[in-house]
Amino acid sequence: MRGNSVLTTLARWLGAFAAALALAGSFATEALAQQPLRIGFGMSLTGPLAGNGKAALIAMEIWKDDVNAKGGILGRKVEFVYYDDQTNPATVPGLYTKLLDVDKVDLVVSGYGTAVIAPAMPLMMQRNLMFMTLFGLNVNSKFNYDRYFQIMPAGPEPAIGWTRGFFEAAMGLNPKPKTIALVGADAEYPHLALEGARVHVKRLGLKVVYDKSYPPNTTDYSPIVRAIQATNPDLVYLASYPPDSAGMVRAVNEVGLKTRMFGGGLVGTQFAALKTALGPLLNGVVNYELYTPELSGKFPFLDAFLKKYQERAAKEGVDPLGFYLPPYAYAMMQVLDQAITATKGLDSGKLAEYIHTHTFDTFVGKVGFAKNGEWSEPRVMMVQYNGIKGNTIDQWKQPGVVTVLEPGPYKTGVVKAPYQDAKH
Amino acid sequence: MEASTALVVNAIIAGLLLGGFYAAVSLGISISFGMLDVVNIAHPAFIILGSYVAYIVNDRLGFDPILVSVVLSPLFFALGMALYRIYYLCFEKRGQESLRGLAFFFGILFITEVTLVLIFGVDYRLVTTAYSEVTWRAGDIDLPMRLFVPFLVSIAMVVALQLFLTHTFFGRAVLAVAQDQLALRLMGVNPVRVKERAFALSIATAGVAGAFLIVIQPVQPSIGREYIGLVFAVCVLGGMGSIWGTLIGALVLGIAESFTSTFFGPSWAPAVSFGLLLATLAFRPSGILGR
Amino acid sequence: MSNRNFAIVAFAVAIAFAAASQLVPNEYFFTAAYVVLQFVILATAWNILGGYTGYVNFGSAAFFAIGAYSTVMLYNAFKAPLLVMIVAGTLVAGLLGLGLGYLTLRLRGVFFAIASLALAVVLYTFVVNWDYVGGARGAYVLQPREVPFGLPRYIHLLYIVLVLEAAVALVVARTIEKSTIGRGLAAIRDDELAAECSGVPTLRLKIFSATVSGALMGMAGTTFPFYLSYIEPSSAFGLSYAVNSIAMPLIGGMMSWIGPLIGAVLLGTVQQLVQVTISSAWNLLIVGVLLVLFVTLAPNGIMGWVEAWRKRRSRR
Chain A
1 MRGNSVLTTL ARWLGAFAAA LALAGSFATE ALAQQPLRIG FGMSLTGPLA
51 GNGKAALIAM EIWKDDVNAK GGILGRKVEF VYYDDQTNPA TVPGLYTKLL
101 DVDKVDLVVS GYGTAVIAPA MPLMMQRNLM FMTLFGLNVN SKFNYDRYFQ
151 IMPAGPEPAI GWTRGFFEAA MGLNPKPKTI ALVGADAEYP HLALEGARVH
201 VKRLGLKVVY DKSYPPNTTD YSPIVRAIQA TNPDLVYLAS YPPDSAGMVR
251 AVNEVGLKTR MFGGGLVGTQ FAALKTALGP LLNGVVNYEL YTPELSGKFP
301 FLDAFLKKYQ ERAAKEGVDP LGFYLPPYAY AMMQVLDQAI TATKGLDSGK
351 LAEYIHTHTF DTFVGKVGFA KNGEWSEPRV MMVQYNGIKG NTIDQWKQPG
401 VVTVLEPGPY KTGVVKAPYQ DAKH
Chain B
425 MEASTALVVN AIIAGLLLGG FYAAVSLGIS ISFGMLDVVN IAHPAFIILG
475 SYVAYIVNDR LGFDPILVSV VLSPLFFALG MALYRIYYLC FEKRGQESLR
525 GLAFFFGILF ITEVTLVLIF GVDYRLVTTA YSEVTWRAGD IDLPMRLFVP
575 FLVSIAMVVA LQLFLTHTFF GRAVLAVAQD QLALRLMGVN PVRVKERAFA
625 LSIATAGVAG AFLIVIQPVQ PSIGREYIGL VFAVCVLGGM GSIWGTLIGA
675 LVLGIAESFT STFFGPSWAP AVSFGLLLAT LAFRPSGILG R
Chain C
716 MSNRNFAIVA FAVAIAFAAA SQLVPNEYFF TAAYVVLQFV ILATAWNILG
766 GYTGYVNFGS AAFFAIGAYS TVMLYNAFKA PLLVMIVAGT LVAGLLGLGL
816 GYLTLRLRGV FFAIASLALA VVLYTFVVNW DYVGGARGAY VLQPREVPFG
866 LPRYIHLLYI VLVLEAAVAL VVARTIEKST IGRGLAAIRD DELAAECSGV
916 PTLRLKIFSA TVSGALMGMA GTTFPFYLSY IEPSSAFGLS YAVNSIAMPL
966 IGGMMSWIGP LIGAVLLGTV QQLVQVTISS AWNLLIVGVL LVLFVTLAPN
1016 GIMGWVEAWR KRRSRR
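Chains as they are written, first to last, in my numbering: chain A, 1 to 424; chain B, 425 to 715; chain C, 716 to 1031.
The following block holds chain A by itself, in its conformation from the complex (with noise of 0.2 Å):
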């Protein structure tokens, strides 16, 4: 009696067993079929550019949400494998060489900023792999390299085409402006924008007046802004990072600057916190951004994404506006899937040769690139605040606080000079 029960007990348990592992077997065979897409990148998460890198963070998973909602890419479920670069440079090789040879993702993209692409882009050249980054200035005029691409809107010469705005609105005053003050902080950015505005002030003939960069953690901007006062420049072109923005905006209103424009290249008031923060401050100057609502209903779904990404924005603390870089990290994502879709693969040459070839629809409208991976055309918007009323954030979700002076296609008005008359 005893015996049998084992054996049937043994004989039961094999059977569930068998049963189990064909089961299982089949459940392998279907997975198989449908691995994951894996796409790797280091995003910064913490450190000087976490704000965002947040928001470039959100935009993608909206994206990958909706892309796996249609059925993925082939087919597949597209997955995200990051980690958080810190925005420090030295982070990257590690993260990049981990990514490839530990995770074994199927493609890499780049995170935010020309300090953690750089040190990225000798791994992806080494194994000719196509490179896809997100917002760097000029890092290929060094490196060459076929299968590097920017969703950056600044054309081929990026630092040219990001400042031409500010140079075309002030050559449309009248009579035509003369001397020009350039101040920035002393940082990467600032430094490649200023280079770009020393190339339109040569091409037009303008006098540089004053020409001095500053530290970027300067407490007191006072000096500096009187200092350019005392050389009377028609224009002043500053080229900044958030906490110089706020800082010489603020003092420029302290000090009661007089000049006929002020403004040009500051980042940081393209998103919300410094909007609110300065509020009416603002008004006046001129200044680069790459969305406002005055473009509602120009860009199909774009208004829709805006919205989904401010949700999901709002709940985790990050920039609630989503104007500057979530359209961008979407497109750029928009790209890849179209190109994978068309070349029906993952070779990286096959996909760089596509992206050169062809031009893509996406949120931000048609996107074609130039042989170095830049933007075919510059697409920045050059506008000026105005009617800034307050420190609320509402007023900048509708049209009605900024004219659009360029590029022509999507102008509002004209410039209004000069910046000490502009304010009111």
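Rather than coming from a laboratory, the hints here were simulated on the basis of the structure. Certain hints may be false.
Label pairs and their calculated CB-CB ranges [as the list claims (entries may be wrong)]:
{"hint": "1", "chain 1": "C", "residue 1": "Trp-845", "chain 2": "B", "residue 2": "Thr-590", "range": "43 to 53 Å"}
{"hint": "2", "chain 1": "B", "residue 1": "Leu-610", "chain 2": "C", "residue 2": "Trp-845", "range": "50 to 60 Å"}
{"hint": "3", "chain 1": "C", "residue 1": "Ser-717", "chain 2": "A", "residue 2": "Asn-128", "range": "47 to 57 Å"}
{"hint": "4", "chain 1": "B", "residue 1": "Val-558", "chain 2": "A", "residue 2": "Gln-398", "range": "25 to 35 Å"}
{"hint": "5", "chain 1": "A", "residue 1": "Phe-80", "chain 2": "C", "residue 2": "Ser-1029", "range": "53 to 63 Å"}
{"hint": "6", "chain 1": "C", "residue 1": "Tyr-847", "chain 2": "B", "residue 2": "Leu-587", "range": "51 to 61 Å"}
{"hint": "7", "chain 1": "A", "residue 1": "Ala-370", "chain 2": "C", "residue 2": "Tyr-817", "range": "53 to 63 Å"}
{"hint": "8", "chain 1": "C", "residue 1": "Trp-845", "chain 2": "A", "residue 2": "Tyr-410", "range": "35 to 45 Å"}
{"hint": "9", "chain 1": "C", "residue 1": "Gln-737", "chain 2": "A", "residue 2": "Asp-103", "range": "20 to 30 Å"}
Partial list, derived from the structure: chain C residues whose beta carbon lies under 7 Å from chain A [unchecked claim]:
{"hint": "10", "residue": "Gly-853"}
{"hint": "11", "residue": "Ser-944"}
{"hint": "12", "residue": "Tyr-945"}
{"hint": "13", "residue": "Ser-950"}
{"hint": "14", "residue": "Val-991"}
As a list, the in silico SDA-like pairs of lysine to any residue whose alpha-carbon atoms are at most 25 Å apart [to be verified]:
{"hint": "15", "chain 1": "A", "residue 1": "Lys-212", "chain 2": "B", "residue 2": "Phe-687"}
{"hint": "16", "chain 1": "A", "residue 1": "Lys-423", "chain 2": "B", "residue 2": "Asp-564"}
{"hint": "17", "chain 1": "A", "residue 1": "Lys-344", "chain 2": "A", "residue 2": "Val-105"}
{"hint": "18", "chain 1": "A", "residue 1": "Lys-104", "chain 2": "C", "residue 2": "Leu-738"}
{"hint": "19", "chain 1": "A", "residue 1": "Lys-142", "chain 2": "C", "residue 2": "Tyr-855"}
{"hint": "20", "chain 1": "A", "residue 1": "Lys-178", "chain 2": "B", "residue 2": "Phe-687"}
{"hint": "21", "chain 1": "A", "residue 1": "Lys-366", "chain 2": "A", "residue 2": "Pro-409"}
{"hint": "22", "chain 1": "A", "residue 1": "Lys-423", "chain 2": "A", "residue 2": "Thr-231"}
{"hint": "23", "chain 1": "A", "residue 1": "Lys-212", "chain 2": "C", "residue 2": "Asn-844"}
{"hint": "24", "chain 1": "A", "residue 1": "Lys-212", "chain 2": "B", "residue 2": "Ile-437"}
Every residue gets a Cβ at the ideal spot worked out from N, C-alpha and C, and that includes glycine.
Starting from the known structure of chain A, fit chains B and C onto it as the hints suggest.
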């Protein structure tokens, strides 16, 4: 670059205002390092902590940050007492303060900074006060309230501290501890208790200085590190253990930075300040008013 | 073990590591190991002035960065060969250590610490304003397309260079430790006044210690631009170098050459792991907490525990 009088005068004023702020920031180090010989390089971390505390209350309840920080300074006082207790038990008692005490405070600096990052993130925080956008003008001379109000309160704090040290019993005990601990003990005063309270006072001043900082400029957790060198520079320049010295040192540094910014380019300003420090250390280590 | 034998063993181990690494298939090992080795050198170098002599240097980043930037200069000027750049960077950093030491070592230890911090700021400002090395915009230093010695990738060469540099640093540290100089330094650390009274040439020894320490830290930085291909001041002068070069010897034990090695390998590896597992804001928090814990509870570091345990065993 033509040096018109207005430009020079404004540069001096800006330098003085900035110097007042630097004095508030360095006051604590003047006490903890100058008088108590405790190298608290985590001091800037407490300044930043003060900034964030002021920010939170200002954000939620709208009270003026400087007022808030003065009201909440007992909290920082208590924090300082606790910190000194640990420092004393682990280091001073064992005679290990030079190397390990330094490392200890370095670690505290980092822990505070990273904890703030984890809680608040790295976005810059600003406060808005009734006076942050007001500027008094007299002809070509500008006096921004954003700098002037902290300057006034800071001077008040310096004077108050100096009076406290010279005219109260406890204050004089602190001065005595700085001069000769053994003698103090022989007179029946517990030097550890005195040092504890004095150190707590230094941390309390850090909390108030933090409010000044966030009124003057936007704050994020890692900017504390930029002030480590500055606070020590001010104390060394002014002379260790002298409150007036700290004030003078701070004003000198503020004016030097302001002049460099205005006339030579702002990017040289930090080099000037620290160059001054290195020169002082090399040639007159006792500072301007030092003993 | 005599100095010569130790040196032989150290280099033999280094060569063994170098050869064995060729068996590792993935590149992640090299990129991570590079960082850990960098810290081994920095920690060992710091300890010569810190642990042996008792003077805390907060400006490790300055010496590290000057090594990196002298490489940038030579690269921009004449694309010098790697060995030349390494030697040059080491010498320049050594000179910096000499200068700083000469200016400030006549004062109390605390002033040296503050001066080292000030030095880092001054140097940072100079670099930021100097366009030839890229200033704030940063400089690109491109890895050569062809890897010398037939190695598969450039990072392998960097790894081997660092392994050898680490061996050099350890040999130098141990040689100093066991020599008369080392005993003089220990005397200074324990009681400078007494040492001076006993005839120890304290100033000369301190300056020597600062020079060697600085030189080795610079050596660690010389290959860094190639590792990243892009170097800019705020990351080259990053404060994490200063914290780690203090934390690692402290945790490992500051009395001998083994301590920094253990501390660097342990802490460095932990940091690399944390970087790719949990969020990295915790990375720095871990370093800070470990630093504080060790400094309060285990002042002699891991080697201190080992020594205490050995003593207890021998008593039984």
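Now the hints, each set against the structure:
no., hint, verdict
1, C:Trp-845 x B:Thr-590: 43 to 53 Å, "48 Å, holds"
2, B:Leu-610 x C:Trp-845: 50 to 60 Å, "57 Å, holds"
3, C:Ser-717 x A:Asn-128: 47 to 57 Å, "51 Å, holds"
4, B:Val-558 x A:Gln-398: 25 to 35 Å, "30 Å, holds"
5, A:Phe-80 x C:Ser-1029: 53 to 63 Å, "56 Å, holds"
6, C:Tyr-847 x B:Leu-587: 51 to 61 Å, "53 Å, holds"
7, A:Ala-370 x C:Tyr-817: 53 to 63 Å, "55 Å, holds"
8, C:Trp-845 x A:Tyr-410: 35 to 45 Å, "41 Å, holds"
9, C:Gln-737 x A:Asp-103: 20 to 30 Å, "23 Å, holds"
10, Gly-853, "5 Å, holds"
11, Ser-944, "5 Å, holds"
12, Tyr-945, "4 Å, holds"
13, Ser-950, "5 Å, holds"
14, Val-991, "5 Å, holds"
15, A:Lys-212 x B:Phe-687, "11 Å, holds"
16, A:Lys-423 x B:Asp-564, "20 Å, holds"
17, A:Lys-344 x A:Val-105, "17 Å, holds"
18, A:Lys-104 x C:Leu-738, "19 Å, holds"
19, A:Lys-142 x C:Tyr-855, "7 Å, holds"
20, A:Lys-178 x B:Phe-687, "23 Å, holds"
21, A:Lys-366 x A:Pro-409, "14 Å, holds"
22, A:Lys-423 x A:Thr-231, "21 Å, holds"
23, A:Lys-212 x C:Asn-844, "10 Å, holds"
24, A:Lys-212 x B:Ile-437, "22 Å, holds"
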